[in-house]
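Given chain A, put chain B in place with the hints provided.
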Amino acid sequence: MMPYMEIGYLVGSVSFVVGLKMMGQPDSARKGNLVAAFGMAMAVIAALFFNSKGFHVINNLTYIVAAIVAGTVVGTLMAKRVQMTAMPEMVSLFNGMGGLSAALISIIEWRHLLHEATAPEAMTNAPAVSLGMYIPVIAGLIIGTISFVGSIVAWGKLNGKIGDFRFPSQQIINAVVLVAILGVAYLNYGEFNATQSSLYFFVTIGLAVVYGLLFVFPIGGADMPVVISLLNSFTGVAAACGGFLYENKVMLMGGVLVGSAGTILTVVMCKAMNRSLMNVLIGMAGGNGGGSSTSSSGGSVREVQATDVAIMMKYASKVIIVPGYGLAVAQAQHVCHELENLLEAEGVEVKYAIHPVAGRMPGHMNVLLAESNVEYDKLIEMEHINPEFATTDVVLVVGANDVVNPAAKTDPTSPIYGMPILDVDQAKQIIVLKRSMKAGYAGIENELFFHPKCGMLFGDAKASLQKLVNEVKAL
Amino acid sequence: MEAFFQGIADLIAQYEQQNILNLIYLVVLMIFVGIELISHVPSVLHTPLMSGANAIHGVVLIGAIIVMGNASPDDTLSLVFGTLAVFVGTLNVIGGFVVTDRMLEMFKKKPKGEKAS
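These protein sequence lines map, in sequence, to chains A and B. In terms of this note's numbering, the first sequence opens at residue 1 and continues consecutively. In terms of this note's numbering, the second sequence opens at residue 476 and continues consecutively.
Isolated chain A, as found in the complex (with noise of 0.2 Å):
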């Protein structure tokens, strides 16, 4: 007899490992993704028709299968239904999804416990439940939960359906919760029998709750990637809990690996915005850290209109373009590519400047720019950029602005102080698209707007570009 079971779980343990390294490269990066899901899809079979003995049709098959059946088509067609622009969202929101499912199994196991630790013969002294056991039912619990409404609270604040929302003393209140938590999950493991643990149950997850929502709450937009990588991150510790509740390796495996690698990964893109990951947690950055008095900068924004911009640009020897998140929510990309197109045809030079953080998530705009045709060799990262503006006619900021404001270097007391920024004020003409005077996701004011080089261009991303096309056209 063949452990086919096991064998199923292997394959997929091991495919998540090559999958994930093969993903970590651009060449294979696609095939990494197929090799991870065929490794899931070993998984999902394994599980399904055998067990440690042989073949062995599982139990409820019918329900599972019409579940996975409905969860196929629905995730399918979100997926492919989604706008680039809203990739952050989704994922997210898959994200939640997860740790939904985890939250439910430890839901389920616990009444098992439950129904385990009230059974006549467990009436002793001793904790009428394991502690092997309770440990991993417990913090799939919690962390399943905290990461579920971590996600849905993370999806609306890039839907821009929720707002950020602070309160004095925050983090005191942050750590009290989490030490309730903890504490109620000690209390409830002292004292786990029928008529206590159903109060305590329910206080843990109101409280994982509460803790999910306030995680999540006054973090600024701009550390929505570092929450979002985080919360997956955590996702994954979900998972492998359950991988110990039943002594699962390929959940085990599965979700350590994206626990280990999510971290990592959250760590690498605080790096990219030179702070702390404390310092992102406990929402720093969401300008509540005197960004207010940078506004007295007194000087006047300069209104420019396309037909000026138009000519500029054209009789430039060289454009850089710095594309943020207007440009993705406006959906401008094509329309800058068309533009890029023409001024290339009138022997300009265009360039594309790429923040590591621009947009929501850090590679974002070059997905979008990828979607529409731009050749990935224009698009040149922060480093490469910096020292070309001093010779670059025309700056073209297209929805950017955190990643462009000088106060991350001059103004010690501005929450972004210290993120690496593009010097776009080394060029010689600085126009900026923008809807209104805004502030950006940091939630301070931008004194590059005032300096005497900049001019503003008002409108939504993608008119204000097209307008730009046509006038460049006409000229």
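Bear in mind the hints are in silico, worked out from the structure with no lab data behind them. Backbone N, C-alpha and C define an ideal beta-carbon position, used for all residues, glycine too. One or more of the hints may lead you astray.
[What the hints assert, rightly or not] Ranges of calculated distance between the beta carbons of each label pair, as one might list FRET restraints:
(1) B/488 / A/187: 20 to 28 Å
(2) A/182 / B/497: 38 to 46 Å
(3) B/507 / A/341: 44 to 52 Å
(4) A/436 / B/559: 21 to 29 Å
(5) A/183 / B/559: 28 to 36 Å
(6) B/497 / A/387: 19 to 27 Å
(7) A/436 / B/507: 42 to 50 Å
(8) B/483 / A/49: 35 to 43 Å
(9) B/551 / A/14: 32 to 40 Å
(10) A/410 / B/480: 53 to 61 Å
(11) B/480 / A/3: 33 to 41 Å
Frame of chain A, contents of chain B only:
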């Protein structure tokens, strides 16, 4: 407090019996593998990678399937929650892989250049 220490002692005994220690070794090793896999990745790939990792933790679906397999057919609450867990777990897996594939599709036509980063 006593109960807690008793629990720890039981846990250790259990580990020795049930080989859970192996799982702990596995956890430690996987932590290192995860760190190693992500450390040298160009920032361009961070978003797809996050999304890919997101799909992989959908492996929680296996747990949801196991829960369903253990649920007795007359335990309605477990069945309802379990079915829901399988459904959302599948959403996580399928949605995650499809979204990642769509992101990475964008990278396919690119010749070299990418390696420079």
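Handout entry: Pairwise beta carbon distance, residue 497 of chain B to residue 387 of chain A, judged against the given window 19 to 27 Å
Key = 53 Å, violated
Exercise for the section: Starting from the hint 20 to 28 Å, judge whether the C-beta atoms of residue 488 of chain B and residue 187 of chain A obey it. Expected result: 24 Å, holds
Problem - 42 to 50 Å as the expected CB spacing between residue 507 of chain B and residue 436 of chain A, which holds or is violated - result: 49 Å, holds
Exercise for the section: Could you see if the CB distance from residue 480 of chain B to residue 3 of chain A stays within 33 to 41 Å? Expected result: 38 Å, holds
Exercise for the section: Check the following: the C-beta atoms of residue 483 of chain B and residue 49 of chain A are separated by a distance inside 35 to 43 Å. Expected result: 38 Å, holds
Exercise for the section: For the range 32 to 40 Å, tell me whether the beta carbons of residue 551 of chain B and residue 14 of chain A fit it or not. Expected result: For residue 551 of chain B and residue 14 of chain A the Cβ distance comes to about 38 Å; the hint holds.
Handout entry: Outcome for the supplied range 21 to 29 Å, where the beta carbon pair is residue 436 of chain A and residue 559 of chain B
Key = Given range 21 to 29 Å: violated, Cβ gap about 43 Å.
Practice task
Take a look at whether the Cβ-Cβ distance between residue 507 of chain B and residue 341 of chain A falls inside 44 to 52 Å.
Solution key: 47 Å, holds
Practice task
Could you check the hint for me, namely that residue 183 of chain A and residue 559 of chain B are 28 to 36 Å apart, CB to CB?
Solution key: 29 Å, holds
Handout entry: Beta-carbon spacing of residue 410 of chain A to residue 480 of chain B - inside the hinted bounds 53 to 61 Å or not
Key = 57 Å, holds
Problem - residue 497 of chain B and residue 182 of chain A - C-beta distance against the hinted 38 to 46 Å - result: Hint violated: Cβ distance 27 Å, outside 38 to 46 Å.
When the structure is compared with the earlier hints, violations turn up for hints 2, 4 and 6 and for no others.
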